[in-house]
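These protein sequence lines are chains A and B, in that order. The first sequence begins at 52 in our numbering and counts up one residue at a time. The second sequence begins at 7 in our numbering and counts up one residue at a time.
None of these hints come from the bench; they were simulated from the model. Worth double-checking, as some hints may not be accurate.
Stated by the list, open to error - So, partial list: chain B residues that the calculated Cβ filter (under 8 Å) puts toward chain A:
#, residue
1, HIS134
2, ALA137
3, GLY174
4, ASN200
5, ILE201
6, SER204
7, ARG205
8, GLY207
9, ARG211
10, HIS214
11, GLY215
12, ALA219
13, MET222
14, MET223
15, ILE225
16, ASP226
Claimed, not checked - Straight-line C-alpha distance at most 25 Å; calculated DMTMM-like pairs for lysine to aspartate or glutamate:
#, chain 1, residue 1, chain 2, residue 2
17, A, LYS220, B, GLU217
18, B, LYS295, B, GLU305
19, A, LYS220, B, ASP226
Unchecked claim - Examples of chain B residues lying across from chain A (beta carbon under 8 Å, computed):
#, residue
20, ARG208
21, SER216
22, GLY224
23, ALA279
24, GLU341
Each residue gets a CB set at the ideal place from its N, CA and C atoms; glycine is no exception.
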Amino acid sequence: MLEVAGLAKSFGGVAALADVHFQVPADVVYAVIGPNGAGKTTLFNTLCGFYAPDEGSVHFESAPLTGLAPHAVAARGLSRTFQNLQVFFNMTVLENVMVGCHLRSRTGLLAAALRLPSVLREERQVREWARAALAFCGLDHLHARPAGALPYGVLKRVEVARALASRPKLLLMDEPAAGLNDTETVEMRGLIRRIRDAGVGVLLVEHNMDLVMQVSDRVLVLEYGSVLAEGTPAQIQADPRVIDAYLGGKVQYAVD
Amino acid sequence: MSAPERPRAGGGPRPGRPLTRPGLRGLLLLAIAVAALPLLFPKNYFVTVVGVAVGFNVILAVSLNLLIGYAGQISLGHAAFFGLGAYGSAILTTRYGLNPWLALLAGLAVTFLVASLIARPILRLKGHYLAMATLGFGIIVHIVMVQAVTLTGGPDGLSGIPGLSLPGWTLKTDLHWYGLVAGVMLIVVWLSLNIVDSRTGRALRAVHGSEFAAEMMGIDTARTKGQVFVLSALISAFAGSLFAHQQGFVSPDSFSFFVSIELVTMVVLGGMASTYGAVFGAVTLTLLKAGLVVFHDYEMVILGAILMVVMIFLPQGLFVGLAQGLRRGLARRRERRAAPGDEVA
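Turn these sequences into a full structure, and let the hints guide you.
Right under this line is the structure:
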């Protein structure tokens, strides 16, 4: 589904990504892990067109993504959530998710200004889609609330709902469990599984290793911008190089 | 998609914004007020003369609010577009004898070209840098008005601009102009309300909230910002054309940097990201300025003091702040009356 080949990106001589290769099959949860500064967020930002890579290519469903602006990448069926919340705080929860339906609707500036009957029809449809996405994330009861009035854990899920409303084929989730308490983390785990079961692939960056090992079908380990290992969660947990990178070596018994 | 985790409380459609469009109730109120004023006070200077100025400022503030309040893009040069429309009409009718309506269309076309041309490069900038660039644009347009004497008449301006006439109706009196400007104003308010509560409006507000997230939702942010910039410029230029014909005279003073600042002040004073806030700000500031004239030299001092007090105590703007306070008060009252759990329609 997603093929990354030879991807490289450096900032002023610091190589954030160097020759990164991997392939994400369809409809799986694919996790990217690595110590802080390993290049995970740079990888995400490069995949979705926010950074242009120095070298290498990204293909999504066999079509190249490299060189496209983020909105064009989104139009190909790729959406994402953000490590530091990027909720639209100037809108209600429902409106936030309705923005997610942007690509599925048509109304332009002129038609909107004149409020043609077709616009009203589409508005009703968009509202339904957004409510369905909110319900999927267990947030429908909060739809009328201003986003700014809600706690962090809820907003993390609002971002997921907003991204799902665009009906993506692949969802990039940048640390969905960061800052969540245990209950919220369990909820997020359930949500990630439901997303995959609904036929949407998930590319996950996450520091919570329990979560990663529980939900992922495959795991990619980055270190200093390069691929250290790739495999199933069980393979990764048993890989001595990964244990070295994470625990500083020599303490292999610490991993169960 | 699968069923929600929690059953919906109450059932049936929920109260609130969806589809009921409370904004239109406000528009009706505004229309009634605008129609009632000249009927109640047909000879009052504040209605017939200041009222027309209020109408122009409302149009400008509402169009600027789309850009500043909703899309979050500051412009300190908005008076330039007002001026492009006005000078377009003035030059074409007085120097070339063109029909006023054709001149108006030509003014709009020029504004469309200028706005489209500068929109992309200028809107790449953010915050202070965008403020500087729009400020520069406003100053350039103003300098051209002052310096291109052969075309614009220089600092003295252009006089002898003909009036306007619609088929079967020539605008002669102040009250006629009041009617026309009020009508255009109501239409502009209606357009603004429609845009804000639509796919495009949400895209604008998304750009304001987080440009990166907006892009990831598939919004072409550069295009969206450009569109609203051009639309805002066109509305202002349209108002400018009407202004030129209404006044019969234009000079660069009406389109200077200070006018741009005043327009921004109206938007901020009323409350950003609220169409009625912009209306309220424009009405308040225009009336205040007209009323404070009696204080002669102290006019601006008092105006400045009022603005400072409002910003310190109601930073979200007069209209938005007061409306929020009122809503909170009403909600508290309702809570005290109704037993908990009651559905309030």
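Taking the hints in turn, this is what the structure says about them:
1. Because the smallest distance between the Cβ of HIS134(B) and any Cβ of chain A comes to about 21 Å, over 8 Å, the interface hint for this residue is violated.
2. With 8 Å as the threshold, the beta carbon of ALA137(B) stays out of range of chain A, its nearest partner Cβ sitting at about 20 Å, so the hint is violated.
3. Taking 8 Å as the C-beta cut-off, the interface hint given for GLY174(B) is violated, the closest approach to chain A being about 26 Å.
4. A least Cβ separation of about 4 Å between ASN200(B) and chain A falls short of the 8 Å threshold, and the interface hint therefore holds.
5. With its C-beta approaching chain A no nearer than about 5 Å, ILE201(B) sits inside the 8 Å limit, and its interface hint holds.
6. The criterion of a C-beta within 8 Å of any C-beta in chain A is met by SER204(B), whose closest approach is roughly 4 Å, and the hint holds.
7. Restraint check, ARG205(B) versus chain A: the minimum CB separation of about 4 Å is within 8 Å; hint holds.
8. Residue-level restraint check for GLY207(B) holds (minimum Cβ-Cβ distance to chain A is 7 Å; threshold 8 Å).
9. With 8 Å as the threshold, the beta carbon of ARG211(B) comes within range of chain A, its nearest partner Cβ sitting at about 5 Å, so the hint holds.
10. The beta carbon of HIS214(B) is positioned within 8 Å of a beta carbon in chain A (closest approach about 6 Å), and the interface hint is therefore held.
11. Among the interface hints, the one on GLY215(B) holds; its C-beta lies about 3 Å from the nearest C-beta in chain A, closer than the 8 Å criterion.
12. Hint status for ALA219(B) relative to chain A: holds, with the closest Cβ pair at about 4 Å, below 8 Å.
13. With a cut of 8 Å, the hint placing MET222(B) at the interface with chain A holds, because the nearest CB-to-CB distance is about 5 Å.
14. Taking 8 Å as the C-beta cut-off, the interface hint given for MET223(B) holds, the closest approach to chain A being about 5 Å.
15. With a cut of 8 Å, the hint placing ILE225(B) at the interface with chain A holds, because the nearest CB-to-CB distance is about 5 Å.
16. At a threshold of 8 Å, the smallest CB-CB gap from ASP226(B) to chain A is about 5 Å, leaving the interface hint in force.
17. For the suggested pair LYS220(A) and GLU217(B), the alpha carbons sit about 22 Å apart, so the restraint of at most 25 Å is met.
18. For a cut-off of 25 Å, the pair hint linking LYS295(B) to GLU305(B) stands: about 7 Å separates their Cα positions.
19. The suggested pairing of LYS220(A) with ASP226(B) holds, with an alpha-carbon distance near 20 Å, which does not exceed 25 Å.
20. This hint holds: ARG208(B) has a C-beta 5 Å from the nearest C-beta of chain A, less than the 8 Å allowed.
21. Taken as an interface hint, SER216(B) checks out: its beta carbon lies about 4 Å from the nearest beta carbon of chain A, inside 8 Å.
22. Of the supplied interface hints, the one on GLY224(B) holds, with its beta-carbon coming within about 4 Å of a beta-carbon of chain A, less than 8 Å.
23. Look at ALA279(B): its Cβ gets to within about 6 Å of chain A, closer than 8 Å, so that hint holds up.
24. At its closest, the beta carbon of GLU341(B) sits 17 Å from a beta carbon of chain A; the interface hint therefore is violated under the 8 Å criterion.
The structure fails hints 1, 2, 3, 24 (numbered hints given earlier, in ascending order).
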